[in-house]
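Chemist: Spelled out from the first residue to the last, the chains are:
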Amino acid sequence: MNRAVLRFRSVLSSNTPARISFWVLAALYLAAIFAPWLAPYAGDDDARACSWAPPSEIHLREADGSWHLPFVRAVSYTFDDDARRVWTEDSTCRFPLRLFRDGHLVGLGEAIATPGRRVSDPSPAGRLYLLGADARGRDLLSRILYGSRVSLTIGVVGVAISTLIALVVGGIAGFAGGWVDGALMRLCEVVMLVPAFYLLMLLRAALPLDWDSRVVYFYIILILSFLGWAGLARILRGMIQSLRQSDFLAASRALGLSPWRILWRHALPQTFGFLSVQATLSIPGYIVAESGLSLLGLGIQDPQTSWGNLLEEAMSIAEIRLHPWTLLPGLFLFAAVLSWNLLGDALRDAFDPRSLS
Amino acid sequence: MSKIPLALLATVLLASCHSTEGKPGGPGTAHSLEIGTPGGKLVIASEGGPKTFNPIVENESSSSDFVGLIFSGLVDADAHTGLPKPGLAESWTVDSSGKVFVFHLRPGLKFNDGTPLGADDVVFTWTKLVFDTAVQCAMRDILAVDGKLPEVRALDALTVEFRLPTVFGPFVSAVGGVPILSKARLSGRTGHAFNSAYGIDTPPDSLVGTGPFKLSRYEGGSRGVFVRNPFYWKKDAKGQDLPYLDTVLVTVVQDQKSEVLKFKAGEIDELDVVPQDFPVIKPLEQEGKFTVRKLGPTLAQLFLVFNQNMDRDPVGRPYVDPVKLAWFRDVHFRRAVSWAIDRKAIRDIVWNGLGSDANGPFSPSSGYWWNSKLPPLVRNLDSARAELAAGGYVLGSDGKLRDPKGNPIKFTLLTNAENQSRIETAGLVRKDLTSLGIDVVFTQVEFNALVSRLDATFDWDVVMLGLTGGSEPHFGANVWISSGRTHEWYPRQRTPSTPWERELDSLVSAGVRSVDTTVRKRAYDRLQAVVREEQPMVYLGHPEYMTAVRDRFGNVDPTPLGGALHDIEEIFVKK
Amino acid sequence: MKLFVLRRVLAMVPMLLGVSVLSFLLLQLSPGDPLSAQRGNPQVPDALIHRIETEYGFDKPVPEQYLLWLSRTVRGDLGYSFKYKRPVADVIRERVGATLLLAVFSSLLSWLLAVPLGVWAALRRGRWPDRLVSLTAFVGMSLPSFFLALLLLFAASVAPPIPGFGRFPIGGLVSPEFDQLSLAARVGDVLRHLLIPGLVLAVGGVAGLQRVTRGSMLETLRQPFVLAARARGLSQGSVLWRHAFRNAANPLITLLGFEFSALLSGAAFTEIITSWPGLGLVALEAVRAKDLFLVMATVLMGSFLLLAGNLISDILHAWNDPRVKLS
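Protein chains in written order, with this note's numbering: chain A, 1 to 357; chain B, 1 to 575; chain C, 1 to 327.
Heads up, some of the hints might be wrong.
Below 35 Å or equal to it, Euclidean Cα-Cα: the simulated DSBU-like pairs (lysine-lysine) are [claimed, not checked]:
#1 B:Lys85 with B:Lys99
#2 B:Lys183 with C:Lys60
#3 C:Lys83 with B:Lys282
These stretches of chain C come out as covered by chain A in the derived footprint (C-beta under 8 Å, 3 or more residues) [unchecked claim]:
#4 22-33
#5 149-158
#6 193-203
To be clear, the hints were calculated from the coordinates, so they are not data collected in a lab. For every residue, glycine included, the Cβ atom is placed at its ideal position computed from N, Cα and C.
Let the sequences and hints guide you as you build the complete structure.
Modeler: Here it is as structure tokens:
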């Protein structure tokens, strides 16, 4: 184990893209953990008057020309003849940006009246939209942060589960051989044969949907795992089969060890390096699959967020044209997937003895 | 293209039809027609392409875009009021019993192949095609009373008499839905054979009808080319033959999205504009030489429905948790929910401000039958709280609402996943109800899975759906009668479970068992009032019906009921 | 060889049967049926729904329905699509061309990009071209197809018209005025429309291909025969393409078959977002509408393509590499 950590550290120090990826991922996962503190608002905190508000303008200068610490203004919209939203800032007061406010990293302070102006009645409510708002005036940045909790964990948990299934199935098949092996491998082949996209949709449609969001989250992970295990199980079975024929297993059998003990203590540990690389490499696939499923309205559903379900709002040209910031969650998705890919690739090169570099 | 199915909608804004506000019933409200000049071409889009050209077998809206041009019935529907107006029949009478209708055909009518049309063809169409049990035709099931069908006979060459087994109020409208086909052409293809007659591979020449156009070419799955029917009966005020247009081209598109693209590119001349697209279509008016007209509320509207089903499943468990059932069957609870919903927010956020409040089950655009006296349904939190208090619901110090027995109020709100705007709406509704202390879990399922819950498994709490209506209220009766399949809150009841449902049953039968429109209107007005009062469905409002038509066309008078291009024979290309 | 192909084709039958049982079962497990549009329509009488149910056997037990479907399918009748209101065979025939066109175009694009890049990277192994190429390939691989498609559509919708090219088409297969165009212009028009979806699909494939090309090339360059060829004084180009690349191409050729098999499900998202009228879009809508017969037909077609792809790659492999014998 220690050797693996050392190897990992040497990969990071020698491979710049992998190092950067590692830190990007570390930042993303930390942001996910501290989402409630980093996000200015709760994920479902809406403000109907701010439907599709663009990213807030950060001001430093008050209407009378005086300079201040960064502040924003309350905004409101009217529809023009084309039913497009026209935004105006309420310059009667300002809302200063404050650090560590109400348990959030950044928040808005109380309204401060502009010198010489009376605050309009009813007093405006300031909202901080660093990345713009969605249709219901929810802060996109907050939603991206909360969404990262789903999008980033689904890959890791999913891979863990599918690896487990693959280990069990591949282990049994490879070790038992005979008709068990035949039956399990035929099952793997059929699962691999149904195009993934259909299987995903069919499985999703077969499940009741009006469940608690946490249950749905785990089901989505299960569905994704169901897709991933078959290929891996086949490879593992092959590895174990060749191990079984190897000398040292024959030796341990000659020593009278039970088959299960051989499997657990000797056969499986040999596959560990391969598995960890394989897991890192398949995480991006899970992240993308969840996003795709959510994008079609079949995955994580409102009011819960994931990056895919946030992108659902960008699905029509009209929305992208009018509110281009709806594309932003895709950038986060891209960053996470790219980092996992680069890291996985570096690990493969380091752990795979046959790799060429 | 004037027939609108009353159907649950997968997407709220399927293209359908609209009317200008404040044009209450009564025929003859059509705007004055210009005298046009013959010639020119019109290109329209049809979603999905036709399944068949057979106008009698199982009507589907995608087929009707094609079929409606080729065939026509004894009467037409007025695009403003929805009431019947003369078609192939120039007049009709009904006797005092309300059961005997006599239709008088126009003299000199011809099919588009030049052969004359007479009472024989009408009798043939009804008795040999519509009434034949081997033919798949919904109209037969609608008209049958205890298995008995009307008797149809020709009194003379131009007069047809229908004798009904019982009074059927909307009979004239029903007659309008059945196009007249040629006896000479089809007498060899009755019975089972008729189901496959006039399929989409039929040679265009053999599609013999009486509509303003006839099919000249159909390129499977991509487009149909229609040319003027030289034998069409209608003439303009100056005596010129109609239609004015030489050609109508119907292009098949796969979905609304590609229809919008084609309209923007100038390929098609008409587009039904949904509120979500309006901000990107409207600015193109000058460049694309078209006008977007706002024509008032759509016939479609969005509603919440509560599951009031008291039955048990085959294993003996109740379909609905008895605790929840008690809330859903409590009118105070339903009204409180209705008062709490911020419909203006739905309009502004989901429909870009393009929509209007509902006042009950019918759309203001449904013409004559809409009850204009009911006030609009709007948000009023005080009234909502008052209703909750009246029902014994208590808001706890923990912010949770509890029923009189102390159960916290929590239910699932379900809608279909295909539609982003519905998901937004549900999000708003959820927040509104949270402000009353109600815990709403929102989920989405595929449209067909939703329907199977409504129709078969009954395992749902509250559902948000869209329903689009036509003009004739009886054609939607299945929603109101307690034994109906689409009586969504408690379908297929053996006996009405509440006094107000009993009243709805009797109002529906009062509406259908009279031919006097004022008597019928009174029944339907009351029906709307009862539904509004009891709120088994909480209406959320209508999006605006909007249509874009190129400016070069004259006599374009879109209405929600008739669509953008109703009475297409009058439309001409301006010189 | 013939025997090998025959055996493999025969082996497909039980696999396809397995797939069909699995998908039929999953479809039946999920709620809803193809008739929901009729059921939800108050104007459709109950009698009509019952008639349709009986006609298509929806009232029968699931195993019997499956056998009914199977016997019809074996006889070449794929059934009826309730969603498209046409025979399933017609729907598929109409769309399969568009999907194939897109797949061929995007594969071509990705091969044209990936192979030279891979060879170049192998020759400059470990130096900046190698790193740059592999990083770019990773960027491409990491852009989810739906996100890339959205980005390109956005770019196309705000970009000014390009002289001689016009605006980027945002969706669809052909322009409205397609019918009036000359043959050459028609080809150009389709190619213009292919650009965005084709690029999206190609970008995803470049990374893998580039990597395999590079790895295989490196391995070959180390082989004694390459050294020998060099030693004989053959030109660098000749050594590279005539000797080294021909051998290095073996794993690539295997990939070709796999690419073919990924056509159907791989293109679905891209088709959906760019409104490309292909099978992916049909498949999505069919599953959503629970359009039983259409789903079955598309799933089986997808699986068949997968099997066929594997077979093709085996055959190609044997053809290019005389050491491999099919048996």
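Chemist: List, from low to high, the hint numbers that the structure doesn't satisfy.
Modeler: Checked against the structure, the hints that fail are numbers 2, 6, while the rest are satisfied.
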